[in-house]
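Q: Each chain, written out:
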Amino acid sequence: MPEAGLLSVLPINEFVFFINKVVIGGLIIGSVYALGAIGVTLILGILRFAHFPHGDMMTAGAFFALVCASLAPHVGDPFGLPSAFVLMPVAMAATAAMAVWLDKAFYAPLRRANVKPVVMVMSSVGVMLMLQGLIRLFAGTGTRQLDPGPKDIYRIPAGGRDLIVTQPQLLLFIFTAVAVVALHFFLTRSRMGKAMRAVADNAELARVSGISIDHVVRTTWIIAGALAAAGGTLLALDVTFKADLSFNIILPVFAAAIVGGVGHPYGAVVGGMLVGFTETLAVFNWSVLLRPLQPYLPEFVEIPSKIAFVPTEYKIVIPFFILIAVLIWRPTGIFKGRTN
Amino acid sequence: MPLLEMSDIHAGYGGANILNGVSIAIEADEIGVIVGPNGAGKSTSLKALFGLLKVSEGAIVFDGETITNAVPETLVRKGLSFVPQEYNVFPTLSVEENLEMGAYVRRDSFRHLIDMVYGFFPPLKEKRRQPAGELSGGQRQMVAIGRALMSEPKLLLLDEPTAGLSPRYMGEIFERILAVNASGVGILMVEQNARQALGFAHRGFVLANGQNRFTGTGAELLADPEVAKSFLGGGD
Ligand SMILES: Nc1ncnc2c1ncn2[C@@H]1O[C@H](COP(=O)(O)OP(=O)(O)OP(=O)(O)O)[C@@H](O)[C@H]1O
Ligand SMILES: [Mg+2]
Numbered sequence: 117m118p119e120a121g122l123l124s125v126l127p128i129n130e131f132v133f134f135i136n137k138v139v140i141g142g143l144i145i146g147s148v149y150a151l152g153a154i155g156v157t158l159i160l161g162i163l164r165f166a167h168f169p170h171g172d173m174m175t176a177g178a179f180f181a182l183v184c185a186s187l188a189p190h191v192g193d194p195f196g197l198p199s200a201f202v203l204m205p206v207a208m209a210a211t212a213a214m215a216v217w218l219d220k221a222f223y224a225p226l227r228r229a230n231v232k233p234v235v236m237v238m239s240s241v242g243v244m245l246m247l248q249g250l251i252r253l254f255a256g257t258g259t260r261q262l263d264p265g266p267k268d269i270y271r272i273p274a275g276g277r278d279l280i281v282t283q284p285q286l287l288l289f290i291f292t293a294v295a296v297v298a299l300h301f302f303l304t305r306s307r308m309g310k311a312m313r314a315v316a317d318n319a320e321l322a323r324v325s326g327i328s329i330d331h332v333v334r335t336t337w338i339i340a341g342a343l344a345a346a347g348g349t350l351l352a353l354d355v356t357f358k359a360d361l362s363f364n365i366i367l368p369v370f371a372a373a374i375v376g377g378v379g380h381p382y383g384a385v386v387g388g389m390l391v392g393f394t395e396t397l398a399v400f401n402w403s404v405l406l407r408p409l410q411p412y413l414p415e416f417v418e419i420p421s422k423i424a425f426v427p428t429e430y431k432i433v434i435p436f437f438i439l440i441a442v443l444i445w446r447p448t449g450i451f452k453g454r455t456n
Numbered sequence: 310m311p312l313l314e315m316s317d318i319h320a321g322y323g324g325a326n327i328l329n330g331v332s333i334a335i336e337a338d339e340i341g342v343i344v345g346p347n348g349a350g351k352s353t354s355l356k357a358l359f360g361l362l363k364v365s366e367g368a369i370v371f372d373g374e375t376i377t378n379a380v381p382e383t384l385v386r387k388g389l390s391f392v393p394q395e396y397n398v399f400p401t402l403s404v405e406e407n408l409e410m411g412a413y414v415r416r417d418s419f420r421h422l423i424d425m426v427y428g429f430f431p432p433l434k435e436k437r438r439q440p441a442g443e444l445s446g447g448q449r450q451m452v453a454i455g456r457a458l459m460s461e462p463k464l465l466l467l468d469e470p471t472a473g474l475s476p477r478y479m480g481e482i483f484e485r486i487l488a489v490n491a492s493g494v495g496i497l498m499v500e501q502n503a504r505q506a507l508g509f510a511h512r513g514f515v516l517a518n519g520q521n522r523f524t525g526t527g528a529e530l531l532a533d534p535e536v537a538k539s540f541l542g543g544g545d
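If you read the sequences in order, they're chains W and F. Position 119 of the first sequence, counted from 1, bears residue number 235 in the numbering used here, the numbering being contiguous throughout. Position 44 of the second sequence, counted from 1, bears residue number 353 in the numbering used here, the numbering being contiguous throughout.
Each hint should be verified, as a subset may be incorrect.
[Claimed, not checked] Pairs of lysine-lysine residues, derived as DSSO-like cross-links and limited to a Cα-Cα distance of at most 27 Å, are as follows:
{"no.": "1", "chain 1": "F", "residue 1": "Lys363", "chain 2": "W", "residue 2": "Lys220"}
{"no.": "2", "chain 1": "W", "residue 1": "Lys232", "chain 2": "F", "residue 2": "Lys363"}
{"no.": "3", "chain 1": "F", "residue 1": "Lys387", "chain 2": "F", "residue 2": "Lys363"}
If you're looking for bench data, these hints aren't it; they were derived computationally from the structure. Predicted model, so just to flag it, every value in this text is computed and none were measured.
Just chain F, same shape as in the assembly (with noise of 0.2 Å):
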């Protein structure tokens, strides 16, 4: 049984839908990656997993259980996390205060998941009492990342981690990444850079107009001409 099933789902902000069919199954501690063009509907298809936006049509089944249109409040303490492609940090709070406000759903000590943060982040250690705000690009999506693993996730959604960034910090975020799925978390991501990222992608999810148009494992859909040929950009 897939840990994340999302059947054609059908959303969008109010007006008319953007979201008209959109399918994508993951296996627990699978990396699934979503790529596509701009506008295409990656964003709207996470904020509608994770009860951002009314989901019209369609269901969404996490772990056993449907959870189509819950709260993202309900969604923490069943075990997913989000973190969304802009403003994904407390800006004014300290890095520290950023992972406890991760951590917010849980009544219990949380103190080794913050040192299990900073393992996997080191420079978020020697910046943990400086305003969030404050860090580089990089840094600032370690925090972000941080602060969704607080919670203890299975399945950590994320949203471009890698938007802006150098090619050094997008190698050091797709390494931690890797070693985040490698300690038991499914990933499932939305990634501009769809070469790399499916290169080590197990599923791999490509959308064009609100729908899949390409579905199939990571491997698969880097051989695809087809997908190459529209998709990936030029042959390289």
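This is chain W alone, in the form it adopts within the complex (with noise of 0.2 Å):
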């Protein structure tokens, strides 16, 4: 009976491992990115500059639903789900007021002296390391539960293994994906969002048409921001809080951008899936899928314990590899994006 012996050979518990592992994180990890990287793309399209403080104002959106929870620890009971989560709409509008509040800080009067889009950039780094520095202030640099309860777990039968998702990894996705399809519509049907569009296609001819370029910025960082808070509260909810957090996140968040196509918000979600799953599939030891094969292999082949592209610690390099490939080989990234 060939069938049954090659059942038995086929490797279900390794294969569930490899979907938790790299399909399930990939995702996971996918969103967060996606997050951030929309509002990266949004920015770079309609006000033209790098805006490097994007993984601190993530950040710093997990710090306020911190603080959210940490005042109303229960809110989130009654619905069993973390407060984190629950108040996490605050944090966004928190988030928002901020980043409209550094844009006219900061920004806005670089923008007015009609500077050279160098002097915005070095402006940004500026405001990176301001942020960096009251965030660590504020919050300590230690790390910290956003939900202090056990996180609640899905274990979905898969035949042996389980396939494995955890609450705030859940409403990650769900949120990314709702969002996602919420900022489409705006887009494409409000007449704001379509303003959006036209600054990002052509600033002077927006201008002329008699659209209010202060509102179009002003949205596009309130919609940057929201954003960015989601994404870090809710992956700080899948991991834990630290005033590093954006350290491991601002460079895939503008590989995502830069491979999605600037100025492209969906680019950018694909962009951030693309950086999450080569990410997952970078560090998975591949051992494990290779192993169940060793009893048919010679004697003197050893599977080795660990076979990863790259090591768990060097992830960083990933979204590097990545920036440097799509910029040899498909400069305006996936979707077509702006080159100048």
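Two chains, two separate frames, one set of hints: put the complex together.
A: Structure, rendered in structure tokens:
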């Protein structure tokens, strides 16, 4: 009976392990990158500069959620949800307000003075350093739990080993899906959304048409700030809150925005997922999948205990490689982004 | 009282002044045509009028109000529209979205205006879902003019609406501009095809070196041998 033999050879357990690690893991971290990259790409498209403090804005958003959750630790209980998630809209609003204020204080004066793009980028680096300092000042440098209770874990039986998703992961994924669909309808159906696309296309003509650039800029910051806060909060719920959360995020987020094609929110989502999957694939230990084959291999072939493209500690180099590859082979990104 | 009166305008892009005394006046419902050699300051005059660069001297009065150095948003609300010489559509927005952006300042329903634009430019109706950047040059120009009409302007400013178009399209665009004018919209346009444009202009302005060289009705300028010799090319 060759069929039964084949089935018994198929490494079901190991395959489920692969899905848990790579597919679910990639979707989760990809969603976080997507939420950040949407903001980065909108700011690049509309305000024409690289917003380096974006990772710190995500951290700040998570910190606001942490503060809210520690002030009202039981609001989530009736829903069976973490309080930090139920109060996330407050954190999103606070971060959006912060983003609008940062623009008013630091970027708007430079825009009015018509400075060169490189000056905007330097100013953005300055704001990044300032935000990092402020976050450490208020949040400390330690690790904190956004949700003190144990995480709900959902197990889906898959013939042997279970598929495992935690509640924060599910919330993150659902939130990202809803946010992307909502953003799509906003950009394609609403007056302000179309005006944002118009400004990204041709800011001078938008001004000539009577579109208020100030309103468009403010809306951009509100969307970017709110999504950054959500991404930061949901990531912190999945892992933990740390002041240097942004350190591991900012590079993949920029890679995602550029891979997706600058100025394309959908590209940012695809780019986020791509970077996420590449990371999980690259650090995956392939020997887990190969080990069941050991009995069928000749004696002298021994499967090493660890076969990964990149050791986990070096995960941060992956977005670097993706960036370089994209810039060499497809500088406009997957979707045709702007090149100027 | 003229609909628009620019008197002795001096303006520039931050350095030395490019305009050194430009005066343009047209009545409501008229077509004014600005001609002149490359670099004469024709585009600069329209930009100065539309608040896109700083006017350092002189005054602009539109519809009885002084609008010198007013911002475009205000001017659109007051009934001025501008179609720039280049980059005058939103390339990734659909044709219809381009038109909607022209109506951005309006809060009321503008469906009837979109239909009016499709009436003036029938080819746009079939292409209404297509990104404007994918259209031919002539159709892009139609989108640009259509966008500017969406705010129901009293005066439409056009900067070289036929630049780079084939003679067939050029004739079609001129014809459409005359139709727009006949519907009660004043037109002030810069045009390279000076002879043809002065032929239908109520007012003509010949600019050179940032100043008026000749001003008169279209017919007067066409009949002036001086103008013909220096600005209209070989006598045909
Ligand atoms: N953005 C700008 N910054 C600085 N100088 C400019 C700018 N645009 C135009 N100029 C200068 O102003 C002068 C007048 O230019 P303008 O565009 O008004 O000419 P024009 O009459 O429209 O010519 P054309 O027929 O080529 O369109 C030129 O000397 C030009 O170099
Ligand atoms: Mg010009």
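Q: Does each hint fit the structure? Answer for all of them.
A: Okay, the hints, checked on the actual structure:
| no. | hint | result |
| --- | --- | --- |
| 1 | Lys363(F) / Lys220(W) | 24 Å, holds |
| 2 | Lys232(W) / Lys363(F) | 20 Å, holds |
| 3 | Lys387(F) / Lys363(F) | 19 Å, holds |
No hint from the list above goes unmet by this structure.
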